[in-house]
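With the hints as extra help, turn the sequences into a complete structure.
Numbering (the numbering used here), first residue to last: 1 to 701.
Hints were generated in silico from the structure; no laboratory data involved.
Watch out, some of these pointers could steer you wrong.
What the hints assert, rightly or not - What follows is a list of derived Cβ distance ranges for each label pair: (1) A554 to T236: 16 to 26 Å; (2) P84 to P531: 51 to 61 Å; (3) R530 to Q227: 19 to 29 Å; (4) H440 to E173: 24 to 34 Å; (5) R555 to R530: 19 to 29 Å; (6) P248 to H440: 37 to 47 Å; (7) D166 to S142: 15 to 25 Å; (8) H440 to P499: 27 to 37 Å.
What the hints assert, rightly or not - Subject to a maximum C-alpha distance of 25 Å in a straight line, what follows is the list of computed DSS-like cross-link-like pairs (lysine-lysine): (9) K364 to K545; (10) K386 to K397; (11) K418 to K386; (12) K363 to K545.
Quick reminder that beta carbons are idealized off the backbone N, C-alpha and C, glycines included.
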Amino acid sequence: MGAIKNANMSPLFRTELKVGRIPVTDVQPAVHHGAHPAKAVVGEDIPVRARVFREGHDRVGATAVLYGPDGALVHRVRMHEGAPGLDEYLATLRPTQVGMHSLVVEGWSDLFGTWHHAATVKIDAGVDVDLMLAEGVALFASAAEDSDRTEQDRAVFAETARVLADQSLSVQERLAAAETPEVTEILTARPLRDLVSPSSSYPVEVQRSLAGRGAWYEFFPRSEGAQYHPESGTWTSGSFTTAARRLPAVAQMGFDVIYLPPIHPIGRTHRKGPNNTLVAGPHDPGSPWAIGAEEGGHDAIHPDLGTPEDFAHFVAEAERNGLEVALDLALQCAPDHPWVAERPEWFTTRVDGTIAYAENPPKKYQDIYPLNFDNDPRGLRRAVLKVVELWVSRGVKIFRVDNPHTKPLWFWEWLIGKVRRRHPEVVFLAEAFTRPAMMHALGRAGFQQSYSYFTWRNTREEIAEYLHEVTAQTPAFYRPNFFVNTPDILTEYLQFGGPAAFKIRAVLAALSNPLWGMYAGYELYEHVARPGAEEYIDNEKYEYKDRDFAGAEARGESLAPFITRLNRFRREHPALQDLQNLTLHSADNDQILVFSKTRRPQPEGEHADAEAAADRGADGVPLDAPDTVIVVVTCDPHSVREATARLDLSALDLRPQDLDAEGRFEVEDLITGARWRWGAENYIRLDPHVEPAHVLRIVRG
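Now the structure itself:
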């Protein structure tokens with residue numbers, strides 16, 4: 001970027017003052033002023049913004065700089081001005097390796113910008129013409145002697161100085177020498193900087209792709225391959241061996257993560273029966289979240305599921321199918337858990353001498369004892385760390401943590417920090433449906449991703465507002481995973497919306513966000529709720545399920561082919577793999593949502609490894625593929641909707657070669673294969689019973 005010249009900086013500014021010679025404030029991304037690292041994943045575009053200004057009228061510029069874990073330069077790019085008059089500067093950085101990075105924004109005096117502005121104004125007014133030209137000569141002559149510049153740069157600057165000094169030319173011809181495309185290109189990429197003033201350094205943790213991207217599929221291993229015996233009314237449980245047979249179908253749908261509820265022994269004391277009844281029959285399997293029995297606790301495997309060797313085989317089969325196993329980490333115990341007898345101080349004892357069971361009024365969980373982290377915090381945290389380390393040694397690198405908001409934040413900061421220092425590849429997902437302050441705090445404490453409010457955002461206004469929040473306001477510390485359903489959550493929208501509702505929610509979850517998930521049965525349109533509850537009738541939490549996935553697909557009664565296409569779109573289009581690149585557009589129908597996601601070419605600037613930056617990141621994600629996807633989706637699963645969609649064309653990264661003579665561009669519907677010419681305004685008609693969405697890629701010229 002040229003030599004950093006601080007020769008004119010007073011020694012005063014080398015002290016501990018908070019403001020540099022060129023003030024740089026409001027740097028983003030920064031979490032609590034750098035107290036916690038901002039989140040990023042390899043190959044992701046990181047939007048950077050800051051306010052840069054100075055006294056007087058001289059021009060300033062700004063540069064965003066990303067340093068790698070070893071302190072070496074990763075990416076340096078010149079920032080551009082945002083909205084006029086707000087002193088805001090913007091840029092995009094793209095990391096190519098995992099690890100803790102550092103972000104710095106440099107403010108600087110723009111020598112050329114200051115001179116050129118003054119020169120054009122004064123020359124047009126006939127004031128100080130010779131003086132302004134002479135100052136231009138001096139500026140470019142000095143730049144031509146800068147040894148840090150390339151030979152080509154120095155030659156261009158020397159020629160510019162020569163023409164500026166040539167009195168045989170007109171004043172306008174001399175000034176035009178400083179405005180040629182060649183000079184502009186050099187100064188845009190490598191400006192003439194003075195009084196360079198770096199901001200504080202802000203940590204940015206760049207993690208592997210599955211920390212911030214991925215499609216999750218949840219199933220209960222005990223149901224996969226379970227057999228019902230009508231003569232006795234009993235079941236034979238599925239196992240890791242039978243569940244592994246389902247993995248190819250999950251992988252074929254395009255999922256990246258197979259998530260398992262707890263796989264540990266289940267307590268018998270106060271075991272819940274079907275539909276959460278208080279009395280279980282002798283053959284009812286109970287809730288997997290009631291962890292612990294005489295066979296063991298969090299470190300043990302339910303004997304019906306198999307042995308540690310069987311689990312290892314399941315993990316290996318998942319890996320062979322391109323899937324990674326996520327395991328539930330539920331820090332609670334059934335009354336039969338060994339910890340209850342061995343470490344009673346880890347629980348809350350009531351005044352009557354009984355141990356308090358879990359409650360979330362009006363819900364009661366008589367089969368579960370919560371852990372109390374205040375009685376013996378040191379002993380309990382060591383025990384949990386030992387459990388996590390055991391499952392990491394067994395091949396688990398992703399943990400879906402049950403109800404983390406019911407445990408103290410200090411514990412998660414300690415545990416996640418401890419685990420990730422030893423195993424930086426480990427990912428923690430917070431299953432936290434609670435108040436925003438706690439959900440955000442869990443992200444700051446170390447959780448890479450979290451369940452979200454998406455499940456309950458159904459109108460266009462609700463969805464648009466939430467998408468803006470999670471893509472523009474909170475991504476530095478909060479990464480949402482858009483699950484369309486869970487064993488606990490069956491929304492009214494799905495209960496009464498029919499198959500169209502299932503398609504609509506899948507489109508929204510899979511294409512608006514790089515993280516999404518679904519629980520088995522969604523592809524079969526399971527939608528019958530338990531009366532008085534927002535959850536499934538005959539809930540799988542308390543019994544086995546025997547689903548005929550293959551038969552439903554053969555009969556055309558499965559959403560699996562549609563899910564497969566959505567996940568294929570995600571893999572084929574880099575634009576769908578980032579969180580912060582979403583733009584909301586408008587439509588004159590309050591049930592039609594329009595958004596786009598754009599992946600621009602690699603931001604210009606200096607790179608530590610230009611070849612790697614232009615190719616692929618550590619996880620194989622394409623880093624330099626220009627790509628735009630426009631999604632138009634109805635939020636009404638019942639009625640045909642028509643509208644005019646109005647696009648913000650500046651968000652689509654359109655180039656001259658993409659446009660025809662009328663300024664329109666070609667789009668292809670990835671769902672139907674149809675092609676149209678689109679522009680700023682476009683008529684659309686969506687029938688939810690046929691196809692409730694257009695998923696459009698811009699056909700590049």
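Is K363 within 25 Å of K545, Cα to Cα? Holds: K363 and K545 sit about 24 Å apart, inside 25 Å.
Supplied distance hint 27 to 37 Å, evaluated on CB atoms of H440 and P499: For H440 and P499 the Cβ distance comes to about 35 Å; the hint holds.
Would you mind confirming whether the straight-line C-alpha gap from K364 to K545 stays at or under 25 Å? holds (24 Å)
State, for the Cβ atoms of P84 and P531, whether the hinted interval 51 to 61 Å holds or is violated. holds (58 Å)
Starting from K386, check that the Cα of K397 is at most 25 Å away, please. holds (15 Å)
Take the C-alpha atoms of K418 and K386, compute the straight-line distance between them, and say whether it is at most 25 Å. Holds. K418 to K386 sits at ~11 Å (cutoff 25 Å).
I want to verify a distance hint. Is the separation of the beta carbons of R555 and R530 within 19 to 29 Å? holds (26 Å)
So does H440 sit 24 to 34 Å from E173, Cβ to Cβ? violated (59 Å)
Is 19 to 29 Å right for how far apart the beta carbons of R530 and Q227 are? The hint (19 to 29 Å, Cβ to Cβ) holds, given that R530 and Q227 are roughly 25 Å apart.
Evaluate the given range 37 to 47 Å for the C-beta pair formed by P248 and H440. Because 38 Å falls inside the window, the suggested range holds.
Quick check: does the Cβ-Cβ distance between D166 and S142 fall within 15 to 25 Å? At 18 Å between Cβs, range holds.
Could you tell me whether the CB distance from A554 to T236 stays inside 16 to 26 Å? Holds, at about 25 Å.
Checked against the numbered hints above, the structure breaks only hint 4 and satisfies the rest.
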